[in-house]
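Undergrad: Each chain, written out:
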Amino acid sequence: MSAAGEEQISYWELIRNGILKENTIFRLALSLCPAIAVTNNLKNGFFMGVAVVVVQVMVNLTISAMRNFIHPRIRLPIFMLVISGWVTIVNLVMDAAVPDVYKDVGLYIQLIVAFASILARAEMFASKNSVTPSVFDGIGMGTGFFIALMIISFFREVVGKGQVWGIPIIDAKPLLILILPAGGFFAVGILMAAFNWMYAKYFSSGGHSH
Amino acid sequence: MDTVRTPKEQQLIISASPHIRSDESTGRIMWTVSAALLPATIMAAYYFGPYAIFLIALTVVSAVGFEYLYQRGMNKEVTVTDGSAVLTGLLLGLNLPPTVPFYIPLVGSAVAVVLTKQLFGGLGFNVFNPALIGRAFLLISFPKLMTIYAEPTAQFVSMDAKTAATPLGILKLDGIGKLMEVYGDQMTMYSQLLIGNCAGSIGETSAIAILIGGLFLMFRGYISWHIPVSFLGSAAVLAWIFGGKGFFTGDPILHLLSGGLMLGAFFMATDYVTSPSVKKGQLVFGVGCGFLTMLIRLKGGYPEGVMFAILIMNCFTPIIDRSFKSEVFGAVKVKKEAAKQ
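Those protein sequence lines, which keep their order, are chains A and B.
Under this note's numbering, the first residue of the first sequence carries the number 39, and numbering increases by one thereafter.
Under this note's numbering, the first residue of the second sequence carries the number 348, and numbering increases by one thereafter.
Hints in this document: simulated from the structure, not taken from any laboratory.
Among the clues, some could well be false.
[Stated by the list, open to error] With a straight-line Cα cutoff of 25 Å, these simulated BS3-like cross-link-like pairs (lysine-lysine) come out: (1) B/LYS525 to B/LYS423; (2) B/LYS491 to B/LYS525; (3) B/LYS525 to B/LYS646; (4) B/LYS491 to A/LYS199; (5) B/LYS423 to A/LYS239; (6) B/LYS423 to B/LYS519; (7) A/LYS59 to A/LYS166; (8) A/LYS81 to A/LYS199; (9) A/LYS211 to B/LYS491.
What you are looking at is a predicted structure, and each value in this text was computed from that prediction instead of being measured.
Let the hints inform the model, and build the full structure from the sequences given.
TA: See below:
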């Protein structure tokens with residue numbers, strides 16, 4: 039964690055870090071359950087991603103705001119309470135706003151409570167930094183997750199169904215397996231390899247090996 | 348003594364004695380197994396016509412092509428001449444229904460060679476049989492196209508063959524009575540199934556042709572009897588016990604001769620990479636395959652279960668190998684404390 043305290047790191051760097059270097063799905067390989075379960079079409083992937091961005095940002099904000107009042111010994115229960123509070127809010131809002139999507143992804147929205155990445159950012163970043171960098175860190179990590187979900191669900195919907203956001207675009211026999219759970223593993227694996235290859239080629243600054 | 352061979356990646360091969368050298372090589376084994384599939388290919392040509400041969404050729408060529416492209420693209424040593432891609436392509440081609448459109452073999456061989464074999468590290472490192480994963484991928488991706496079977500025509504002109512259900516498909520949907528109606532009497536049915544005059548995948552219908560190839564391989568010592576015999580034997584016993592209305596009234600011969608059981612038992616389950624190398628383990632592997640095949644055929648949703656049975660047993664290969672570890676040649680049994688030193 040280079041972003042702890044002493045050294046100055048710009049907000050842009052924080053966001054970039056969450057999207058590229060520590061991309062939750064493609065680089066850290068965390069929270070793969072929703073990455074496979076809800077990404078069989080772009081719409082589900084989009085709303086799931088939005089939910090995660092909101093929860094991540096709000097949790098980081100809340101934790102960093104009250105970080106001086108949390109006793110270290112009971113910090114994890116408190117983090118969990120804060121996370122579940124925000125997840126409940128997002129859950130109820132989504133149920134009301136987009137009921138058809140909620141039918142598919144509702145279970146996984148509730149599962150955000152157990153996301154390793156959100157608890158990890160609360161523990162490693164928000165509880166040690168002030169409010170503004172924590173918010174930007176939340177935006178970065180959430181956006182990284184959101185982008186990964188969008189890439190995976192776009193790929194799976196196009197190849198597996200020939201559609202984008204439910205609109206048919208290719209008139210060919212699709213590879214049905216990609217929208218089935220088994221195909222999710224193929225898709226995540228292939229895209230993870232592609233992401234890391236691109237990252238190593240264009241974005242990493244030396245000294246990096248895969 | 349000979350000089351030590353030093354392949355590029357592993358610098359030295361260190362193994363326990365005995366150090367016997369032989370002329371066998373991966374290439375030679377792969378080409379011989381491919382040659383053993385010739386009878387089945389010829390029967391396929393006879394019954395399903397030129398389009399089936401075109402499909403087989405396309406699968407073989409594209410499997411080799413994808414392996415070449417991948418290895419060139421990844422800056423790896425190109426090993427297409429060892430024949431493993433040819434064999435994978437040939438097996439996949441023989442496992443396709445005879446009427447599929449041309450892009451199906453292309454997708455299948457890409458999945459088989461690149462996803463199943465090369466991404467796991469190439470020949471020798473794949474967990475699953477590449478040809479079978481290719482077919483499973485196709486069956487799940489194109490469920491309609493992959494289950495349309497043509498009636499064998501035994502002529503070289505007809506391109507638009509009539510579709511027909513496979514014997515196992517009939518057995519699953521309409522029962523044994525309907526199957527008897529189609530073939531007349533039992534002996535006719537057996538003989539037709541034996542020579543391959545029935546609907547099915549391109550190369551799986553002719554049991555006798557596969558048997559010839561398989562016995563040839565056994566005779567040459569390339570495969571041992573353990574897997575085919577235990578596979579076919581356990582499937583037959585289970586078919587006899589549970590295949591009919593009551594216990595012990597099933598028809599084992601029908602089950603042995605139909606579907607992909609012969610092809611699977613002799614050519615797929617015996618793949619060196621994905622099956623156990625210890626003889627006792629091979630028996631367990633074969634019985635497991637037979638059990639799962641009959642479980643799927645009799646109780647499952649698919650009419651045929653050989654493919655999934657072998658793939659599932661592939662997962663167990665490492666643990667089977669470990670539980671039936673072979674003894675080191677020449678070793679004397681010693682106390683455990685002494686062995687640890």
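Undergrad: Determine for every hint whether it applies to the structure shown.
TA: Evaluation of the provided hints:
1. B/LYS525 to B/LYS423: violated, 54 Å
2. B/LYS491 to B/LYS525: holds, 23 Å
3. B/LYS525 to B/LYS646: holds, 19 Å
4. B/LYS491 to A/LYS199: With a Cα-Cα distance of about 15 Å, the restraint between B/LYS491 and A/LYS199 holds, given a limit of 25 Å.
5. B/LYS423 to A/LYS239: Holds: B/LYS423 and A/LYS239 sit about 19 Å apart, inside 25 Å.
6. B/LYS423 to B/LYS519: violated, 47 Å
7. A/LYS59 to A/LYS166: holds, 20 Å
8. A/LYS81 to A/LYS199: Status holds; Cα separation ~13 Å.
9. A/LYS211 to B/LYS491: Holds - the C-alpha atoms of B/LYS491 and A/LYS211 are around 11 Å apart, at most 25 Å.
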